[in-house]
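Participant: Below, each chain spelled out in residue letters.
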Amino acid sequence: MEDSTIFWIFGVFALISAVLASFSSNYKLAGLAIWICSFAMGSAYITLGAEFLGFMQWIVGTVVAASFLFYSIVFGFEEQKLKWTSVLAAGVLSALMVFYVQQGIQGMPMVHVDAQGSEGLSGLGEAMLSRHFLAYLVSSVIMLLAIMGAGVTSRVDER
Amino acid sequence: MILIGIALGILGLLCLMIKKTLLGVVIGVQLITFGSGAVFVLSGVLAGAHDDGHLFGVFILLNGVAQIVVCYALATRLYYQKKTIRIDELRSLKH
Numbered sequence: 001m002e003d004s005t006i007f008w009i010f011g012v013f014a015l016i017s018a019v020l021a022s023f024s025s026n027y028k029l030a031g032l033a034i035w036i037c038s039f040a041m042g043s044a045y046i047t048l049g050a051e052f053l054g055f056m057q058w059i060v061g062t063v064v065a066a067s068f069l070f071y072s073i074v075f076g077f078e079e080q081k082l083k084w085t086s087v088l089a090a091g092v093l094s095a096l097m098v099f100y101v102q103q104g105i106q107g108m109p110m111v112h113v114d115a116q117g118s119e120g121l122s123g124l125g126e127a128m129l130s131r132h133f134l135a136y137l138v139s140s141v142i143m144l145l146a147i148m149g150a151g152v153t154s155r156v157d158e159r
Numbered sequence: 001m002i003l004i005g006i007a008l009g010i011l012g013l014l015c016l017m018i019k020k021t022l023l024g025v026v027i028g029v030q031l032i033t034f035g036s037g038a039v040f041v042l043s044g045v046l047a048g049a050h051d052d053g054h055l056f057g058v059f060i061l062l063n064g065v066a067q068i069v070v071c072y073a074l075a076t077r078l079y080y081q082k083k084t085i086r087i088d089e090l091r092s093l094k095h
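Taken in order, these protein sequences are the chains called A and B. The first sequence lines up with residues 1 to 159 when you count with our numbering. The second sequence lines up with residues 1 to 95 when you count with our numbering.
Treat the hints as calculated values from the structure; they're not laboratory data. This structure is a prediction, so every number in the text was calculated from the model and none was measured. Fair warning: there could be bad hints in the mix.
[Stated by the list, open to error] In silico DSBU-like pairs for lysine-lysine, Cα to Cα no more than 30 Å straight-line:
#: 1; chain 1: B; residue 1: Lys82; chain 2: A; residue 2: Lys28
#: 2; chain 1: B; residue 1: Lys83; chain 2: A; residue 2: Lys28
#: 3; chain 1: A; residue 1: Lys28; chain 2: B; residue 2: Lys20
#: 4; chain 1: B; residue 1: Lys83; chain 2: B; residue 2: Lys20
#: 5; chain 1: B; residue 1: Lys82; chain 2: B; residue 2: Lys20
If we strip away everything but chain A, and leave its shape as in the complex, we get:
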């Protein structure tokens, strides 16, 4: 079986679970769907030769799904009925976006996927610390600020 076929199988799995996560009003089901979507995307990355990113996707998806379930239990399963007007408006907006995105990607080259083109983990590390060092620094600062901001935001007021 070709790599592209396996990618499409995992891609369809990811899409189905994403639809389930988006429209389900059950948080437990949504958390499970997020985990399946993340697992499918990680597997798709591995078929594309991005093993490091695929494993990271699996780990992050598992942590996100576990924390999502934890917080949904802590806050209680507060559900709401979907309004059909919201779904209709969102559907119209999505159709417009799909149309414009399709117009935008028509000129892109669609060549055969070569999963063996990556230089591996050493190539990733070299690229991170040379060509994309600024992006690495900015990403680090964003994560540090997010941790500090989360701590400040969720603190309990003594007054």
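Following the hints, position chain B against chain A.
Facilitator: Chain B alone, transformed into the frame defined by chain A:
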């Protein structure tokens, strides 16, 4: 192939528009993160710049985690104040 990433991102936007709670926002942000990461990785593979696409996929994934941390913190704060996590109640973080 790249359409799968775009579809994931659009589903995430749909989720952000439909859901009314902060946990729904977490789902939407995650889907947008997955979709945008997939678009970068596939663009890198299709254009022959594998490592660059993979690297930006890693950055996007980690920044998605940072967004989720902030979302959980806001949800904790809101639940402490109002005993609910509905976004409609999020007017002020002070008492």
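Participant: Now, for every hint given, state plainly whether the structure supports it.
Facilitator: How the hints compare with the structure:
no., hint, result
1, B:Lys82 / A:Lys28, "holds (23 Å)"
2, B:Lys83 / A:Lys28, "holds (20 Å)"
3, A:Lys28 / B:Lys20, "holds (17 Å)"
4, B:Lys83 / B:Lys20, "holds (15 Å)"
5, B:Lys82 / B:Lys20, "holds (15 Å)"
Violated hints: none; the structure is consistent with every hint.
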